[in-house]
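A.B. asks: Chains as they are written, first to last, in the UniProt record's numbering: chain A, 1 to 333; chain B, 1 to 333.
Treat the hints with care, as some may be off.
The list makes no distinction among identical chains, and a pair is therefore deemed to hold if it is satisfied within one copy or across any two copies.
Subject to a maximum C-alpha distance of 20 Å in a straight line, what follows is the list of computed DMTMM-like cross-link-like pairs (lysine to aspartate or glutamate) [stated by the list, open to error]:
id, residue 1, residue 2
1, K2, E211
2, K311, E283
3, K2, D237
4, K228, E245
5, K180, D40
6, K140, D170
7, K2, D210
8, K228, D170
9, K228, D7
10, K9, D40
11, K228, E279
12, K311, D85
13, K180, D124
14, K2, E230
15, K180, D119
16, K2, E179
17, K140, D314
18, K311, D32
19, K2, E115
20, K180, D314
21, K228, D246
Hints listed in this document are in silico derivations from the structure and should not be mistaken for laboratory results.
Number of protein chains: 2
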Amino acid sequence: MKKLINDPKNVVNEAVAGFEVAHADIVRVSHDPVFIVRADAPLHGKVGIVSGGGSGHEPMHGGFVGFGMLDAAVPGPVFTSPTPDPILAATQAVDGGAGVLHIVKNYTGDVLNFETAADLAAADGIQVRTVIINDDVAVKDSLYTAGRRGVAGTILVEKIAGAAAERGDDLDAVTAVAEKVNSHVRTMGVALTPCVVPHAGEPSFTLADDEIEIGIGIHGEPGRERIKLEPADAIVDRLLGPILEDLPFASGDEVLLLVNGMGGTPQIELYIVFRRAAEVLQECGITVTRSLVGNYTTSLEMAGASISVLKLDDELTALWDAPVQTAALRWGR
Amino acid sequence: MKKLINDPKNVVNEAVAGFEVAHADIVRVSHDPVFIVRADAPLHGKVGIVSGGGSGHEPMHGGFVGFGMLDAAVPGPVFTSPTPDPILAATQAVDGGAGVLHIVKNYTGDVLNFETAADLAAADGIQVRTVIINDDVAVKDSLYTAGRRGVAGTILVEKIAGAAAERGDDLDAVTAVAEKVNSHVRTMGVALTPCVVPHAGEPSFTLADDEIEIGIGIHGEPGRERIKLEPADAIVDRLLGPILEDLPFASGDEVLLLVNGMGGTPQIELYIVFRRAAEVLQECGITVTRSLVGNYTTSLEMAGASISVLKLDDELTALWDAPVQTAALRWGR
Chain A
1 MKKLINDPKN VVNEAVAGFE VAHADIVRVS HDPVFIVRAD APLHGKVGIV SGGGSGHEPM
61 HGGFVGFGML DAAVPGPVFT SPTPDPILAA TQAVDGGAGV LHIVKNYTGD VLNFETAADL
121 AAADGIQVRT VIINDDVAVK DSLYTAGRRG VAGTILVEKI AGAAAERGDD LDAVTAVAEK
181 VNSHVRTMGV ALTPCVVPHA GEPSFTLADD EIEIGIGIHG EPGRERIKLE PADAIVDRLL
241 GPILEDLPFA SGDEVLLLVN GMGGTPQIEL YIVFRRAAEV LQECGITVTR SLVGNYTTSL
301 EMAGASISVL KLDDELTALW DAPVQTAALR WGR
Chain B
1 MKKLINDPKN VVNEAVAGFE VAHADIVRVS HDPVFIVRAD APLHGKVGIV SGGGSGHEPM
61 HGGFVGFGML DAAVPGPVFT SPTPDPILAA TQAVDGGAGV LHIVKNYTGD VLNFETAADL
121 AAADGIQVRT VIINDDVAVK DSLYTAGRRG VAGTILVEKI AGAAAERGDD LDAVTAVAEK
181 VNSHVRTMGV ALTPCVVPHA GEPSFTLADD EIEIGIGIHG EPGRERIKLE PADAIVDRLL
241 GPILEDLPFA SGDEVLLLVN GMGGTPQIEL YIVFRRAAEV LQECGITVTR SLVGNYTTSL
301 EMAGASISVL KLDDELTALW DAPVQTAALR WGR
């Protein structure tokens, strides 16, 4: 295993320390317990938004803390949920009196620990709502999950709910729009290679030189099937089919198309995937009106990609377009 | 070799086609010959800026076409210079009567083909200036180069010269500031793994499971030395030493610190590298006032990173901060 790290047990702390120095204009960092918070938090009268989960998916979630998106992110150890303590501390740090929304990917540990933190925050007088993200159409009930997994669609929820909070929507409204995005987005991914958790030092699964895993989870959990490598266009068709059937999407829809890199795939390949996905959508009469291509929800150095399709309406489009200023997503400001 | 591609000979064309659809709000694409151009080009009275080179380094250069940065980018085949034809066509497409600056990384093929294109453009009545980028301190005279190589510092030149052109500086002034950035920036990189050019199908070099290459080039050209894997902090010290000695940087300097991923390295590792680099600079009395961390000048799926340090002054800082709106770099607009 070759990684640009020091002691494997310091990976998260050292990365967060680097993040703090690099983005001091946008965030502050609490080191004990560890969480990343907007430099200007708490904002009086604004709904606070907190997300988090195991590290190793960067820029998710720390890269999305800032104006118009998250108020705080709580990074756990690599691929391991943060405990309730830092989640509670982050919730307290962003509470401006208007309540706090927790955006939680659907993994057993995350759901449990965010729930405990929400209960403790409520006992402390903070109103907390929770939205569970479960956009992955690949599998039901996996290694870490009851029900569907939360994957790259999470960042679309974070962006759009963040914009709603920023414009002054109350806790019910911000929660409702987050639930709406979750219900309108579907994702499926593929892995070409496994990834290595630093403190494990070995790949969590193996793939032969000519094999890929369709429907991979963001921790390398099994997907739908393991097949021989195919041309990119055929792989895209395998991912898009289940996505389009599931909602279902229909001719006349306007969508946001997110092609997300898993960490180890060159951008040139992501655009090849995007090209085919946009082509298939066009053939279905679905118009791509917003696009995002890049490494947003990663699995360390895993090679592969996921495709997310979000059905848009005027409200979601306007909130997507609203200004955002974070380390990983920035426009209009 | 597992890649998300179709026919290896269509990699660049298909990626550019995907890029065109994803970023239609920012760019237009010419498919024959292939170049990417600002959607609003040519801009009357504004100096045009054109860069380009072999593909496989994305987002460089196409990801930097847009307001406040490049007017056009000319992607060659993977790791192969574009021919003079598309460079000439791009130069003509962005000429608004105020002349055109070519920003060229110092590789023999690029220098030669941009020179030929510049001569042809001049014969066509377009005033062309050229700035050759050679920020890599690792080696003199390498596989593809006479003199030093142009690497990740190139994007800092493109951003700052782009801001100067956008505010209305004339061709002499834009050229001068580009030369100033090139003379103020130093870079050195490390590879943990090689990368595979799609049409070759095999790695262009090999590294043992415990080996890294210090001073790697962005096409996998040899660096200074091949050593056993070390902790990230020790590797950072090996990269920063030659950078700091070379200009030389000195106590009291203000700098921009760029930690650039080579394509296959997780962001969490880039921030560990950033943390140590910022620490060393601080120990030297050098203040990091601007930061950039991410995959900006890549080598396909190579694992590794480069560190660039740019000595700032008020002029360069203001131009760095100026609004930019491209696929890969966007703020203030």
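A.B. asks: Each hint: holds or not?
C.D. replies: Hints, one by one, checked against the model:
With identical chains, the CA atoms of K2 and E211 are at most 20 Å apart between copies only, with a shortest distance of 8 Å across copies and 22 Å within one. When the C-alpha separation of K311 and E283 is checked against a cutoff of 20 Å, the pair qualifies only within one copy, where the shortest distance is 16 Å, while the shortest distance between copies is 51 Å. In this homomeric assembly, K2 and D237 come within 20 Å of each other (Cα to Cα) only across copies, at 18 Å, whereas the closest approach inside a single copy is 34 Å. Taking CA atoms no more than 20 Å apart as the test, K228 paired with E245 passes in neither setting, with 24 Å inside one copy and 50 Å between copies.
Taking CA atoms no more than 20 Å apart as the test, K180 paired with D40 passes in neither setting, with 28 Å inside one copy and 36 Å between copies. Within a single copy, K140 and D170 get their C-alpha atoms no closer than 33 Å, and across copies no closer than 61 Å, so neither meets the 20 Å cut-off. For the identical chains of this complex, K2 and D210 are inter-copy neighbours only, at 7 Å across copies versus 22 Å inside a copy, given an alpha-carbon limit of 20 Å. For the identical chains of this complex, K228 and D170 are neighbours neither inside a copy (49 Å) nor across copies (56 Å), given an alpha-carbon limit of 20 Å.
Proximity of K228 to D7 under the C-alpha cut-off of 20 Å is restricted to the inter-copy arrangement: shortest distance 16 Å between copies versus 36 Å within a copy. For the identical chains of this complex, K9 and D40 are neighbours neither inside a copy (30 Å) nor across copies (50 Å), given an alpha-carbon limit of 20 Å. Taking the closest pair of Cα atoms, K228 and E279 never come within 20 Å of each other, the shortest separation being 24 Å inside a single copy and 46 Å across copies. For a Cα distance limit of 20 Å, the shortest separation of K311 from D85 qualifies neither inside one copy, at 36 Å, nor across copies, at 42 Å.
In this homomeric assembly, K180 and D124 never come within 20 Å of each other (Cα to Cα): the closest approach is 29 Å inside a single copy and 56 Å across copies. Taking the shortest alpha-carbon separations for K2 and E230, only the inter-copy value of 9 Å comes in at or below 20 Å, while the best intra-copy value is 28 Å. With identical chains, the CA atoms of K180 and D119 are never at most 20 Å apart, being 24 Å at best within one copy and 57 Å at best between copies. Taking CA atoms no more than 20 Å apart as the test, K2 paired with E179 passes in neither setting, with 40 Å inside one copy and 37 Å between copies.
In this assembly of identical chains, the alpha carbons of K140 and D314 never lie at most 20 Å apart, being 31 Å within a copy and 56 Å across copies at closest. When the C-alpha separation of K311 and D32 is checked against a cutoff of 20 Å, the pair qualifies neither within a copy, at 40 Å, nor between copies, at 34 Å. For the homomeric pair K2 and E115, neither the shortest alpha-carbon distance inside one copy (37 Å) nor that between copies (41 Å) is at most 20 Å. Proximity of K180 and D314 under a CA criterion of 20 Å is satisfied intra-copy only: 13 Å inside one chain copy versus 46 Å between copies.
In this assembly of identical chains, K228 and D246 lie within 20 Å of each other by CA distance neither inside one copy nor across copies; the values are 25 Å within and 50 Å between.
Against the hints set out earlier in the document, violations occur for numbers 4, 5, 6, 8, 10, 11, 12, 13, 15, 16, 17, 18, 19 and 21.
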